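**Student:** Letter by letter, the chains look like this.
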Amino acid sequence: MPYTTQIQDKARELLAGDQVSCVIGYEVGSRGRTRPAFIYDPDDVERLVWNQNCTHNLTTYLQDKLRPDRGQSEEEPRRVAVVVKPCDSRAINVMLAENHFAREQVHVIGVACDGILEGAGFGKATEGVLQARCERCSERTPVVYDTLIGEAPEVETSDEAAFADLADLEAMTPSERAEFWLSQFDRCIRCYACRQVCPMCSCPTCLFERDDSLWVGMRIELNEKRTFHLGRAYHLAGRCVGCDECERVCPMDIPISLLNRKLAKEIEVQFAYRAGEEPVPSPIITILSGEEG
Amino acid sequence: MYEPKIIGFLCRWCSYTGADLAGTSRLKSPWNLRAVRVPCSGRVSPELIMRAFDEGADGVLVLGCHIGECHYDNGNHRTAKRMPVLHALMEFAGLEPERLRLDWVSASEGQRFAQIATEFTETVQALGPCKWQQNGLPIHTAEVMEVPDAGVGG
Chain D
24 MPYTTQIQDK ARELLAGDQV SCVIGYEVGS RGRTRPAFIY DPDDVERLVW NQNCTHNLTT
84 YLQDKLRPDR GQSEEEPRRV AVVVKPCDSR AINVMLAENH FAREQVHVIG VACDGILEGA
144 GFGKATEGVL QARCERCSER TPVVYDTLIG EAPEVETSDE AAFADLADLE AMTPSERAEF
204 WLSQFDRCIR CYACRQVCPM CSCPTCLFER DDSLWVGMRI ELNEKRTFHL GRAYHLAGRC
264 VGCDECERVC PMDIPISLLN RKLAKEIEVQ FAYRAGEEPV PSPIITILSG EEG
Chain F
3 MYEPKIIGFL CRWCSYTGAD LAGTSRLKSP WNLRAVRVPC SGRVSPELIM RAFDEGADGV
63 LVLGCHIGEC HYDNGNHRTA KRMPVLHALM EFAGLEPERL RLDWVSASEG QRFAQIATEF
123 TETVQALGPC KWQQNGLPIH TAEVMEVPDA GVGG
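As they're listed, the protein sequences go chains D and F.
For the record, in the first sequence the residue sitting at position 182 is 205 according to the numbering used here, with numbers rising by one throughout.
For the record, in the second sequence the residue sitting at position 7 is 9 according to the numbering used here, with numbers rising by one throughout.
Quick caveat, the hints were computed from the structure, so don't treat them as lab data.
One or more of the hints may lead you astray.
Incomplete in silico selection of chain D near chain F, CB under 8 Å [as the list claims (entries may be wrong)]: (1) 65; (2) 207; (3) 254; (4) 306.
In this text, all values refer to a predicted model and were calculated from it rather than measured experimentally.
By construction, the Cβ of each residue, glycine as well, lies at the ideal position given by its N, Cα and C atoms.
Looking at chain D on its own, in the form it has when it is part of the complex (with noise of 0.2 Å):
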């Protein structure tokens, strides 16, 4: 595939250059599956590719790799290299907002994305069926990159279809949703993937898992589960990009992503905010405008 090669080639000029210490990507593994590949080494090149599995949002392992070592020079940061997809590329906006990193630790090559497929990421992809958020997906090209791979697609999707599942969850009584979100929850294992899997969800020590936390329990109670899913959605609102990850890898199928895009909706209602887009920081930790004393 040709952006495979770009994308190689890409990665061994930045490597070779000793501009980047390492490149995120995709590759395929043993098994046929395509799953993130960190590449050290301008050898090693050969192993980066690009097809419609690449479902990880790799913008997650940055702050791993840019953690300095100890006694590491602060003059000197890391940098690194990560292939993203349009979708990911928001997430980098927002941790660029969030001052995770700075600009120049990154070197942003962007892949123009035709959608990924449904499955993609346990082997069981199906050729044609895009994922649910792809459908949805308007924004073809990275917003933020230093490298471009690939022309975008063009795709037509209106703002009404990005929240077109919430209406029925919306029409409902409380009582019924509560049911509905009730009979979710209960699923859960408490395995914390969506947390880890999240490239928003950076805190050392996450709130849900303090044993001496005294708002929130560990235990896998119906009532404690609830708060941990509704917690976790309120601490990404107006900073979840919609990569649909925390979904993707829940084992139990609990529709994380509803809740999330219930929050990017009011958000985008109430503040007229779209996570990512720019990097500024999300309006809602901001204070009101015009009103400073």
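Let chain D serve as the given structure and place chain F on it in line with the hints.
**Tutor:** Okay, now just chain F, sitting in the frame of chain D:
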């Protein structure tokens, strides 16, 4: 008559004093509201509110200083931005939206405090007991648990 349990998170610089004023002025306000003094309405994190409902509150009232009067300059700005979002989330998760309310009461507004507390209590009273806590219990507990006839003191 059903007597709801209401948790009020009151900012110590304004609403808590406002509630005090309501008391010293001998204004009648419902006893259903259990006041929790917080340093600022911005201190009321969503976890606190969810915890209150989890522990059996029928309603949560958050009162802070009017915008522009915050002791910490912009603490209530954060409340003003967070609460509508939390409100939407709780509603989406199946809470009646009327059970959560944010309002502003200054230290001199004893009358306003009494009025808001009464209004809110009446609203929650009309809704009846909140199912949030009970729904969240494991099914086996819910079956054997006797739901107390909510009398005085709950």
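**Student:** Verify the interface restraint on residue 207 (chain D): the C-beta must sit less than 8 Å from at least one C-beta of chain F.
**Tutor:** violated (10 Å)
**Student:** Let's test the interface hint: is any C-beta of chain F closer than 8 Å to that of residue 306 (chain D)?
**Tutor:** Result: holds, 7 Å to nearest chain F Cβ.
**Student:** Hint check: is the beta carbon of residue 254 (chain D) less than 8 Å from a beta carbon of chain F?
**Tutor:** At about 6 Å, which falls below the 8 Å cut-off, the nearest Cβ of chain F leaves the hint on residue 254 (chain D) intact, so it holds.
**Student:** Hey, does the residue 65 (chain D) contact hint survive, CB to chain F under 8 Å?
**Tutor:** With Cβ-Cβ at 47 Å, over 8 Å, it is violated.
Comparing the model with each earlier hint shows violations of hints 1 and 2; every other hint is respected.
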